[in-house]
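Taking the hints into account, I'd like the entire structure generated from these sequences.
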Amino acid sequence: MGIFRSETMCRGTLVLPSEGARDFLDAIGSKVQVQFVDMNAQSLCRQYKRYVQRLEEMERILRFLFAEIEKHTSTKLEDRLDLDATSDGSLSDGEFESEDSLEFLRRSLSLSGAREARRAHPFEAELEEGSRWSRRNFAGNRVPSQERREGRADSPFFDSARAGPGAGVSGASAFQLDKVEEALNKLYTQFVRFSQNNEDLLRQRNAAIEETSLLLLALHQLALPVHSGRAARLSAAGVPDRNARSDLRPSSPLFESTASLSLLEAGTAGLSARAETGAPRGRGLGSTLRDGFGDELGSEFRSMAFSSVAGVINSCDQEKFARALFRSMRGNAYTYFQPADLTEFPAEYAVTLQSKSLFVTYYQGGCSPSSAAYEKVIRLCAAFGARCYSWPGSFEEAEKRFADVSSLLADKEKTLRAYEQYFLSEISILLEPVDADCEGRRRRRPLIEAWRRFCVKEKAVYATLNFFEASDVTIRADCWFPAQDEAKLRVVLAEQSARSHASAFLLLHPPTSSPSPPTFFRLPPFLEPFQQLVDTYGVPRYKEANPAVFACVFFPFLFGVMYGDVGHGFLLVLIAAALFYVKANNRVLRMKGELIDMLLEGRHMILLLGLFATYAGVIYNDVLSLGIDLFGTRWQVSSPTFEEGEVAFPAASSASRPATFHEREGEKLEPMAEGFPYPVGFDPAWKGAVNELLMFNSFKMKFSVIVAFFQMLLGILLKALNALYFRQFLDFFFEALPQLFLFVALIGYMAFLILFKWLTPADAYAKPSLINVLIDMHMGGANPDPSLLMFDGQAEIQQVLRLVVLLSVPVMLLAKPLWLLYAQRHSASRASLHAADFGYHVQGSAAASRASAGAPASPLEEERESLVVASSSRALPSERRVRASERSLASEDSALPSPPLAFSVSQGPCDGRGARRTRKRTEVEDAEDGADDGAGEISEVFIHQMIETIEFVLGTISNTASYLRLWALSLAHQQLALVFFEKTIGLALQPGTGGVAMTIKFVFLFPIFALITFFVMVGMDSLECFLHALRLQWVEFQGKFYKADGHTFAPLNFAKILRESRPQGS
1 MGIFRSETMC
11 RGTLVLPSEG
21 ARDFLDAIGS
31 KVQVQFVDMN
41 AQSLCRQYKR
51 YVQRLEEMER
61 ILRFLFAEIE
71 KHTSTKLEDR
81 LDLDATSDGS
91 LSDGEFESED
101 SLEFLRRSLS
111 LSGAREARRA
121 HPFEAELEEG
131 SRWSRRNFAG
141 NRVPSQERRE
151 GRADSPFFDS
161 ARAGPGAGVS
171 GASAFQLDKV
181 EEALNKLYTQ
191 FVRFSQNNED
201 LLRQRNAAIE
211 ETSLLLLALH
221 QLALPVHSGR
231 AARLSAAGVP
241 DRNARSDLRP
251 SSPLFESTAS
261 LSLLEAGTAG
271 LSARAETGAP
281 RGRGLGSTLR
291 DGFGDELGSE
301 FRSMAFSSVA
311 GVINSCDQEK
321 FARALFRSMR
331 GNAYTYFQPA
341 DLTEFPAEYA
351 VTLQSKSLFV
361 TYYQGGCSPS
371 SAAYEKVIRL
381 CAAFGARCYS
391 WPGSFEEAEK
401 RFADVSSLLA
411 DKEKTLRAYE
421 QYFLSEISIL
431 LEPVDADCEG
441 RRRRRPLIEA
451 WRRFCVKEKA
461 VYATLNFFEA
471 SDVTIRADCW
481 FPAQDEAKLR
491 VVLAEQSARS
501 HASAFLLLHP
511 PTSSPSPPTF
521 FRLPPFLEPF
531 QQLVDTYGVP
541 RYKEANPAVF
551 ACVFFPFLFG
561 VMYGDVGHGF
571 LLVLIAAALF
581 YVKANNRVLR
591 MKGELIDMLL
601 EGRHMILLLG
611 LFATYAGVIY
621 NDVLSLGIDL
631 FGTRWQVSSP
641 TFEEGEVAFP
651 AASSASRPAT
661 FHEREGEKLE
671 PMAEGFPYPV
681 GFDPAWKGAV
691 NELLMFNSFK
701 MKFSVIVAFF
711 QMLLGILLKA
721 LNALYFRQFL
731 DFFFEALPQL
741 FLFVALIGYM
751 AFLILFKWLT
761 PADAYAKPSL
771 INVLIDMHMG
781 GANPDPSLLM
791 FDGQAEIQQV
801 LRLVVLLSVP
811 VMLLAKPLWL
821 LYAQRHSASR
831 ASLHAADFGY
841 HVQGSAAASR
851 ASAGAPASPL
861 EEERESLVVA
871 SSSRALPSER
881 RVRASERSLA
891 SEDSALPSPP
901 LAFSVSQGPC
911 DGRGARRTRK
921 RTEVEDAEDG
931 ADDGAGEISE
941 VFIHQMIETI
951 EFVLGTISNT
961 ASYLRLWALS
971 LAHQQLALVF
981 FEKTIGLALQ
991 PGTGGVAMTI
1001 KFVFLFPIFA
1011 LITFFVMVGM
1021 DSLECFLHAL
1031 RLQWVEFQGK
1041 FYKADGHTFA
1051 PLNFAKILRE
1061 SRPQGS
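Using my numbering, you'd call the opening residue of the sequence shown number 1 and step up by one each time.
Hints are not guaranteed to be accurate.
To be verified - Heads up, simulated DSSO-like pairs for lysine-lysine below, C-alpha to C-alpha not over 30 Å straight-line:
| no. | residue 1 | residue 2 |
| --- | --- | --- |
| 1 | K702 | K767 |
| 2 | K1056 | K583 |
| 3 | K400 | K414 |
| 4 | K376 | K356 |
| 5 | K320 | K31 |
| 6 | K71 | K459 |
| 7 | K31 | K414 |
| 8 | K459 | K186 |
| 9 | K49 | K31 |
| 10 | K320 | K376 |
| 11 | K592 | K687 |
| 12 | K1043 | K1001 |
| 13 | K71 | K414 |
Hints in this document: simulated from the structure, not taken from any laboratory.
Laid out in structure tokens, this is it:
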């Protein structure tokens, strides 16, 4: 298992038959991890793009089907079916019950919900047409049979779902692409048609509901007292006589007129007289006629031609509509409004008529489209979104239309119920579980989910096939795979070749000819979050030391140093324990979402953060900013001192006399003779001491320097190991070792002084300031200050360390470039020695042979001979280009057959050594060209080394100072927690507070303290410590050795692809 360094990767060429290539990739993606190289990146020739387009269209249809199913349910489909609950995205046996899910959908479907129509239509014709259509298609309320839901009826395109294991990772190929595509297209067509028809039916039903309420209003308006048997006729029509006693209520709210009565006032005096006497004006025209006022209107009013327009309008637009109608008709209109009321009808009707008002407008003029008044009223209704219906002319017409519309409404409800049953039957087929074989285990998934997984897998297969370069009968592509999986890959190819009766083979490339391989680690789940943390900075280079191995320890430790508190760390441990429980039982808990998935993946990291924070809290002796005396303090009050017969206690510490030991106000403590020091962490006596902050600041600051030394030392050692592993000896001797010596001489010596000062007795050794010691080490010269010496031999050690620092800097800066320059000149001098015997010669074996035979030279040879000029001097850039052309021509000419003879044109005679001199001349020219190119490389190396040296020397100090954030964040965390405690619970625990008052304060203040602790200390402050620890991990530690220029191994892995293709939030 490659953890510290990536797996050894092999590069090869995979050759597959064109006809069975899909089956080979299916087997490879299920059993072996292979990454394929795009061979068509330049040509962009994608021979399988049509398959990818078809699969993308199928995925779009599946998304539509999922959305349609969820749209008519009260909860998300994934929450009920748990389509991908387990880690591999599968359901175990018995987890899916088809009948329970079907019953759940029957309860949650709301296909008969009211949907408002937004524009006026000639609804009578549409309702009649819809009624005939529903009778023709759903006669007798026919519902698809149970056999259809079980897949045994007229649904041939569902047969592929019964083909056995088809939805698993390894068995999804049991589905056939053409059959699944045909089934999805048919389902899509049916669902689209169903959705459109359902919307039409809902619109027609809502129109029928509105017309029913309007006709109910017309029946009450037109039911005059002169009609005999009025109550009996209303009861026979199914209309309650709600206005039987309306005359007894002078302020009956049956109608509310918000328009002017100028039209009636112009033709009647009796109505005006009625208004002047204070009679109610909120009565409608029908009410007026019903009360006998029709006799007072006179013959002039009765001779007027009145028309009416009725409809439904939003209640919020009622007043504006009335004013606009009054102004546009110049007062010659009479409008009545009444809130829609269908209390005697089913409850779902009220949804359609919610916040709606019925209106009737009477105006003088015709009701034909040619009438200007009618056109004006209709335009106003359309402008305010009112839906208009024809107003009956008589009670008999209203009664007949009411019966017809009621029958039509019942027909629409019957049709909608039939549609609901049909929709449930189609959904039941899609949600029926099918058996699947996933990694040798039997699984059950809904058919629609099995189809989705099949499409995702097929799309990955054909997208990978687009990487292959096609020939006549085969396709080929380069690939990467782990070396230890080579035998497994060959076995998979052999097995598939035997099944498909076609040959496939794998050709390995030599390791030296392969480019940079991808980086691949076989990590346990524990290391995966830390590897993701490292990869966020950059993917490790192939075979480079993996920082994630050390991040799993250093990163939580750095976090714990800053976040050290037993209480807060224990809360993080509880959160991690809850995440482990959710991960183990997520099938039951149904907790989904991107944030939940991220927390579940990082549960191991959160656990370690909590454990290290708890450990650091034990060291600091901090429990919610308070100290706990677990083992008993190891300090005692110092004995009194007697001066001139009086008892005197030492005074408390002050600025003029700083405390040496722990002091409280008015008393001085000293260590006990036995049991000192405290077993674990800080003694509780330090809590509340005068010099508590001074003591903790000193410890945490120095401890931060020690942590910085060890972590950065590890980074430099890893750089040295990488140099040795890659056989980069110049980097090892002239970079890694000088950096190691410099770092140890500076920071290592400072860490040693800190530990020496802590561990040695105070009365046996001097304890000077470490800052003064380090300054004197580098500035004091050969004779350091005796007061700054802490041990014997310190002066000599400091001189040696100072010499090491002075020598390390020039070695890092100059050693590597000078060595490269020396090696280059040495190779150039050796090439010059070989060229001394060469002279000025032009060699040409083929030309010499033809010249000796009297044959003419070819144009290729003439061009080459005109370009070749041998010289032992340094070649100019133009000469190098000439030599390059000559060598390319020689390589082309070498392919032609020629006798092994030589011809020499030189200052001396021709001899048989011409061929050897040709080779020597070529070597000399190559050396000269390399020397010129190397001169540019040497200058680049000088610049690079200068930058590296300056960065490392300055970074040695600045990076060490950066670790002081451990001290700063720890101090801030402790003081912030202390302030929150003192300002909340501390107010209830003050001395002198009574028991009742303390209880009341505690009850009210503890929730505040709990909320602050959770959201501020656990939420915000933990994130702050996390980010600072991440910066130390990335910059200070990984910056010492980590190149981070690799690329991740991305194999064709169906399990990973299916896991990542889960619907968002599922």
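Hint check results:
Annotation: proposed proximity of K702 to K767 holds, straight-line Cα distance about 14 Å (limit 30 Å). For the given pair, K1056 sits about 18 Å from K583 by alpha-carbon distance, which is consistent with the 30 Å threshold. The hinted pair formed by K400 and K414 meets the criterion: a straight-line CA distance of about 21 Å does not exceed 30 Å. For the hint pairing K376 with K356, the CA-to-CA distance comes to about 22 Å; that is within 30 Å, so the pair holds.
Our distance criterion of 30 Å between C-alpha atoms is broken by K320 and K31, whose separation comes to about 72 Å. Restraint check for K71 and K459: satisfied, since their Cα atoms lie roughly 27 Å apart, inside the 30 Å limit. At most 30 Å may separate the alpha-carbon atoms for a hinted pair to count; K31 and K414 exceed this at roughly 54 Å. This hinted pair checks out: K459 and K186 have alpha carbons roughly 21 Å apart, not beyond 30 Å.
About 25 Å separates the Cα atoms of K49 and K31, which keeps this hinted pair within 30 Å; it holds. Taking the CA atoms of K320 and K376, the gap is about 16 Å. The hint holds against a cut of 30 Å. Restraint check: the Cα-Cα separation between K592 and K687 comes to about 45 Å, which exceeds 30 Å; the hinted pair is violated. Proximity of K1043 to K1001 is assessed by CA-CA distance (about 58 Å); at most 30 Å being required, the pair is judged violated.
A distance of roughly 22 Å separates the Cα atoms of K71 and K414; the hinted pair therefore holds under the 30 Å criterion.
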